[in-house]
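Residue numbers for the sequence shown follow the UniProt record's numbering, beginning at 1 and rising by one.
Each hint should be verified, as a subset may be incorrect.
Okay, derived cross-link-like pairs now, SDA-like style, lysine to any residue, Cα gap no bigger than 25 Å in a straight line [to be verified]:
{"hint": "1", "residue 1": "K202", "residue 2": "S258"}
{"hint": "2", "residue 1": "K260", "residue 2": "L209"}
{"hint": "3", "residue 1": "K177", "residue 2": "T195"}
{"hint": "4", "residue 1": "K128", "residue 2": "G107"}
{"hint": "5", "residue 1": "K194", "residue 2": "C249"}
{"hint": "6", "residue 1": "K79", "residue 2": "N117"}
{"hint": "7", "residue 1": "K202", "residue 2": "L179"}
{"hint": "8", "residue 1": "K229", "residue 2": "Y244"}
{"hint": "9", "residue 1": "K194", "residue 2": "N156"}
{"hint": "10", "residue 1": "K119", "residue 2": "L179"}
{"hint": "11", "residue 1": "K119", "residue 2": "K177"}
{"hint": "12", "residue 1": "K194", "residue 2": "L175"}
{"hint": "13", "residue 1": "K53", "residue 2": "S97"}
{"hint": "14", "residue 1": "K119", "residue 2": "T138"}
The set of hints was computed from the structure by calculation and includes no laboratory data.
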Amino acid sequence: MQVTKSEEDSDTSDPVKKYFYGKNRYKWAATEPTRETISSKINLRWNYEKKNKREIPKEFLPSKTRQMGSTLYGFTSNKTLISRVPMKDKAVIMISSMHHCIQDDNGLPQINAYYNNTKSGVDAVDEKCRIYCCSRITQCWPMALFYRFVDMCSINAYIIHQSCANADRLDRIDLLKLLAKQLCEPLLRERSQKTNLPRELKAGICRILKLVPKATADAQEILPRNQRKYCSICDPKLKRKTVYLCVQCNKSICLRSSKKICVQCIENVEDS
1 MQVTKSEEDS
11 DTSDPVKKYF
21 YGKNRYKWAA
31 TEPTRETISS
41 KINLRWNYEK
51 KNKREIPKEF
61 LPSKTRQMGS
71 TLYGFTSNKT
81 LISRVPMKDK
91 AVIMISSMHH
101 CIQDDNGLPQ
111 INAYYNNTKS
121 GVDAVDEKCR
131 IYCCSRITQC
141 WPMALFYRFV
151 DMCSINAYII
161 HQSCANADRL
171 DRIDLLKLLA
181 KQLCEPLLRE
191 RSQKTNLPRE
201 LKAGICRILK
211 LVPKATADAQ
221 EILPRNQRKY
231 CSICDPKLKR
241 KTVYLCVQCN
251 KSICLRSSKK
261 ICVQCIENVE
271 DS
């Protein structure tokens, strides 16, 4: 409930929001007290009911004695439950806190008619999520919910991007790759500042982000005499202090643990 608290008062007429707030989240609430809590937070609600819920009366379950096309209605103070028989020995059970009218103009219950008019948007979003899905196997339900949020946000981002007049037309997969890179970029920039990363890894990060390494051959850092450090390569027992720093990883190194190289050679190494 706390994860979705910011969306309680949002408009749920959008198919993407309806996927969470109109259908699936209500379905995941297994007990009636939990559903009452959710219903008190959000006004719009409709859902297909599973027939194994103990709160559903026996009269609403599938039965061979019920006439095809008939509908049973059940009412509480804020919810309406219907059980419609589309074919023999079958029953479609739906619940809503938005619709309370018994019959629609075309003969269908209003709950059923509203679902038929809006289910295409929900099914389309579900299909798009299955095509390009970021979900991974996890036993932590907040992570599973976060994966679904990312899928929903990626669909919204693609719709917004396509609606911009001056934006370049991109396929959805290209936009998802661009979003993934932009999501990773802050962490990559943070890691590129760390001094304890392997040289190859830091060079790969700089290549992806198109960054120029801070340390260059003509700007070698030398510590003041009173700030000498122990060599990071030599055995600590030797206690060798030095004022020199590596131009690549910025670690303290003594002259015994380093090799001299000219400016041209080190520039060739960086270019390669």
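Consistency of the hints with the structure:
1. K202 / S258: holds (20 Å)
2. K260 / L209: violated (29 Å)
3. K177 / T195: Given pair K177, T195 is violated - Cα atoms ~29 Å apart, limit 25 Å.
4. K128 / G107: Violated. K128 to G107 sits at ~33 Å, over the 25 Å cutoff.
5. K194 / C249: Between K194 and C249 the Cα gap is close to 9 Å, so the pair holds against 25 Å.
6. K79 / N117: It holds: about 20 Å lies between the C-alpha atoms, which stays within 25 Å.
7. K202 / L179: Since the Cα atoms of K202 and L179 sit roughly 22 Å apart, the hinted pair holds (cutoff 25 Å).
8. K229 / Y244: holds (9 Å)
9. K194 / N156: This hinted pair is violated, its Cα atoms lying about 35 Å apart.
10. K119 / L179: Given pair K119, L179 is violated - Cα atoms ~28 Å apart, limit 25 Å.
11. K119 / K177: Outside the cut-off at roughly 29 Å; violated.
12. K194 / L175: violated (30 Å)
13. K53 / S97: OK: K53 and S97 at ~18 Å, within 25 Å.
14. K119 / T138: Violated, because 29 Å separates the two Cα atoms, which is more than 25 Å.
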